[in-house]
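Go ahead and model the full structure; you've got the sequences and the hints to work with.
Chains as they are written, first to last, in my numbering: chain A, 5 to 117; chain B, 756 to 864.
These are calculated hints, taken from the structure and not from any lab test. Warning: the hint list may mix true and false statements.
Straight-line C-alpha distance at most 20 angstroms; calculated DMTMM-like pairs for lysine to aspartate or glutamate [said to hold, decoys possible]: (1) A/Lys18 - A/Glu32; (2) B/Lys809 - A/Glu105; (3) A/Lys61 - B/Glu770; (4) B/Lys810 - A/Glu105.
Quick partial rundown of chain A residues pointing at chain B, CB under 10 angstroms, derived from the structure [to be verified]: (5) Arg13; (6) Lys15; (7) Arg35; (8) Pro47; (9) Glu48; (10) Phe49; (11) Tyr52; (12) Glu56; (13) Asn104; (14) Phe108.
Beta carbons: idealized from backbone N, C-alpha and C, even for Gly.
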Amino acid sequence: DTGVSQDPRHKITKRGQNVTFRCDPISEHNRLYWYRQTLGQGPEFLTYFQNEAQLEKSRLLSDRFSAERPKGSFSTLEIQRTEQGDSAMYLCASQESLLNEQFFGPGTRLTVL
Amino acid sequence: KNEVEQSPQNLTAQEGEFITINCSYSVGISALHWLQQHPGGGIVSLFMLSSGKKKHGRLIATINIQEKHSSLHITASHPRDSAVYICAVSGSGAQKLVFGQGTRLTINP
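Encoded structure:
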């Protein structure tokens, strides 16, 4: 399968713990996006990369959040000192630069107790 | 007011009915996307359009750029069409998606 993959699919953690999610995009796609979706809502943009450069960050991305894409391939999203409000589905999508369609991964569902 | 508004938020219909979901947006766009999300979270792109009309099987998407409005139609609806349908728009440059809140569609047999 050469689609977008995310790991883990589910994560349950206690408030105050750090968590890290991984996204592996489609190999030839140089744009990678992170979105967050809370229950009953549409997804919201968090950040995006063109190759290894992080080009835009939403103001939703507080200083507890950090994202990297060190070699322009996979990306990680880390949340430090998790809060219950961080509970959501975290979605990753990749895109070939000149084309508009984004391809989504299955998401990581985070539950903060 | 959200930049992308969908209606209705919930829609229940009987198998075979013609379905219409509407999307209005208030910003300039380079493309409008219709996405499908099944329980469990996976999102699949159905259409990406910047003008006119596209058709794929029983699904039809239209857009009116002047009115900033798009519709998604499903003909001969089937229970397997039950899902959340999300409208999203992308601008030029970053092309990040701005999403509507989604329409939960339930098709009863």
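Verification of the hints:
no.: 1; hint: A/Lys18 - A/Glu32; result: 37 angstroms, violated
no.: 2; hint: B/Lys809 - A/Glu105; result: 15 angstroms, holds
no.: 3; hint: A/Lys61 - B/Glu770; result: 43 angstroms, violated
no.: 4; hint: B/Lys810 - A/Glu105; result: 16 angstroms, holds
no.: 5; hint: Arg13; result: 9 angstroms, holds
no.: 6; hint: Lys15; result: 13 angstroms, violated
no.: 7; hint: Arg35; result: 7 angstroms, holds
no.: 8; hint: Pro47; result: 5 angstroms, holds
no.: 9; hint: Glu48; result: 7 angstroms, holds
no.: 10; hint: Phe49; result: 5 angstroms, holds
no.: 11; hint: Tyr52; result: 6 angstroms, holds
no.: 12; hint: Glu56; result: 16 angstroms, violated
no.: 13; hint: Asn104; result: 5 angstroms, holds
no.: 14; hint: Phe108; result: 4 angstroms, holds
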